[in-house]
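*Asks:* Listed below, chain by chain, are the residues.
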Amino acid sequence: MSVEDESRDFERFARPHAAAALRLARTLVRNEADAQDVLQDSFLRAFRHFRGFSGDSPRAWLLSIVRNVSFTLWRKRERNEPGEPEPTLEAEPDPAPSAEAQLLEASDAAQVHAALDRLPGLHREVLVLREMEECSYREIADILGVPIGTVMSRLSRARAQLIKELVGDPRSKN
Amino acid sequence: MNPFDEHPHGALHAYLDGELSLEGSLEVEGHLASCSSCRRELETFRALRRLLQSAKSDAPEAESALMRVTRSVRARRRRTFAFGGAVALAAAALVAVVVVPRSGAIVQEVATAHARALDTGRSVELASSDPAAIERWLSTRLPESVPPTAGGDGFALRGARVDSLEGRPVATVVYQVRSHLVDVFAWRSAEKDMEPRPTVAGRWTVCRWSHRGVAYWMVSDAGTEDLKALAALIKEQRT
Chain H
1 MSVEDESRDF
11 ERFARPHAAA
21 ALRLARTLVR
31 NEADAQDVLQ
41 DSFLRAFRHF
51 RGFSGDSPRA
61 WLLSIVRNVS
71 FTLWRKRERN
81 EPGEPEPTLE
91 AEPDPAPSAE
101 AQLLEASDAA
111 QVHAALDRLP
121 GLHREVLVLR
131 EMEECSYREI
141 ADILGVPIGT
151 VMSRLSRARA
161 QLIKELVGDP
171 RSKN
Chain S
1 MNPFDEHPHG
11 ALHAYLDGEL
21 SLEGSLEVEG
31 HLASCSSCRR
41 ELETFRALRR
51 LLQSAKSDAP
61 EAESALMRVT
71 RSVRARRRRT
81 FAFGGAVALA
91 AAALVAVVVV
101 PRSGAIVQEV
111 ATAHARALDT
121 GRSVELASSD
131 PAAIERWLST
141 RLPESVPPTA
151 GGDGFALRGA
161 RVDSLEGRPV
171 ATVVYQVRSH
181 LVDVFAWRSA
191 EKDMEPRPTV
201 AGRWTVCRWS
211 HRGVAYWMVS
221 DAGTEDLKAL
231 AALIKEQRT
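Those protein sequence lines, which keep their order, are chains H and S.
With the first letter of the first sequence counted as 1, position 142 gets the number 142 in the numbering used here; the numbers rise by one all the way through.
With the first letter of the second sequence counted as 1, position 144 gets the number 144 in the numbering used here; the numbers rise by one all the way through.
No lab work stands behind these hints: they were computed from the structure.
Model, not experiment: these values are computed from the prediction.
Ideal Cβ positions, reconstructed from N, Cα and C, are used throughout, including at glycine.
Keep in mind that the hints are not guaranteed to be accurate.
[Stated by the list, open to error] Using 30 Å as the maximum straight-line C-alpha spacing, the simulated DSS-like pairs for lysine-lysine come out as follows: (1) Lys76/H to Lys192/S; (2) Lys164/H to Lys56/S; (3) Lys192/S to Lys228/S; (4) Lys235/S to Lys192/S.
[What the hints assert, rightly or not] Anything over 12 Å on all C-beta distances counts as not near chain S; from chain H, calculated: (5) Phe47; (6) Asp56; (7) Ala101; (8) Val128.
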C-alpha cells in the first residue's frame, strides 16, 4: 500500500477520535502546548502501528496511546515530583442531599474544570473518559490497562470526590 | 424481595452508566422505588454528568493536528519521489552507456571499500542520521545520487561517504545494526529488478540487488538475514 493510501486510511481511522484524544491529552498534561505535542506524537505513533491494530475499539487504542505518551512526558518533565499514587480507598460518600444536585446545576464550565484540576490524575481521566467521551467500562479498562472492577471503583470514588469539590467549595456556591 | 440489603452503591454507578444487565437494572430500579436516599444520589450523579457534558470543550484543533501529521508523512515521500524522478531522467542518458559491471570484479571492490573504510576508521565522511542532510551532502559530490533511506527496524542510519567503484564515484550510505556496520552502495541503473540474495564471501556478507532503477550492493560482517532485512526496509521506504 502506498504512503498516500495509507495516510488517507489513517485519517479515516483517527479523525472520529481526534477531539477525544486532544481532550484526554489536556486532562493529563494540563498545559495546552504539551497537550498539542502529546497529540501530535500520539498520531505519529498510531500511524506507524495502526496497520497492526486488530482490536475492537480504535478509540480505546488511540486513547491508550495518548495516555502512554502523556505519561512519558510526565516522567520527563516531572522527574523530581513523585508520581500520583493510586488513590487509597476512601469512605463511601454520604447519601447525597437533594440540594447537591441543585448546587451542581448552578456550577459553570470554569468551575468544573477548576474542580477537575484539583482531583488526582487517575480520577480526572476516568471522569473525562466516562462522562465526556462516553466510553464503556470495557473501553476504559482497555485504555487504562486495569480490570473493569477497578474502573467501577475508581469511577465511584472520582464522582464522589468531584461532587465534594464542587459542592463543598464555597466559591462554587454563588 | 429486595435483593439489596444495603444501598447498592457500586451498582448504582453501573446502572447510571448503562452497564448492568436487564436483570441487574430491574433490581436497582426495585431498590430505587423504595429508597429515597439512593434516588437522591442518582439524581446528584445525573446532575454531575450533565455538568461535565456541558463543560466538554470543543477540540477542532485536534483534526488539524491529525492532518498536519498525515500531510507531513506524504510530503516527505513526495520529496523523495520528486528528487528521484529528476535524477532518474538526468541519469537515463548516462546509464545507457555504462556497462553493467560484472559481479566478480565489483564484489571484490565493494568488499575492499568496506574493509578499507573500517580499517582506517573512516566509515563515514558525513556522520548524520538525517536522510535529508545526507542527500544534500551527496548531491554536492556526485552527479547523481539515490536519496538514502531513514533507519528503522533496528537499523540506525550513521552517515555517508563517497567511494569509487569501477572507476566511478558512488554514494555509500552506512547503517548500523547491533554492533555491525553495513555499507550500502547505490547508483542509478537501467537493469531490471533483482531480488536480494546475500552470500558470504570470506569475512563479509555481500548482497547485490536492484529495485526500481537503482542498483545496490551491500556489504557487512552482519549476517545474511540482516542484509535481507535492510534491503526490505529500503524497498519498503521507496514504495
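*Asks:* Are the hints correct? Go through all of them and say.
*Replies:* How the hints compare with the structure:
no., hint, result
1, Lys76/H to Lys192/S, "50 Å, violated"
2, Lys164/H to Lys56/S, "20 Å, holds"
3, Lys192/S to Lys228/S, "19 Å, holds"
4, Lys235/S to Lys192/S, "14 Å, holds"
5, Phe47, "7 Å, violated"
6, Asp56, "16 Å, holds"
7, Ala101, "4 Å, violated"
8, Val128, "8 Å, violated"
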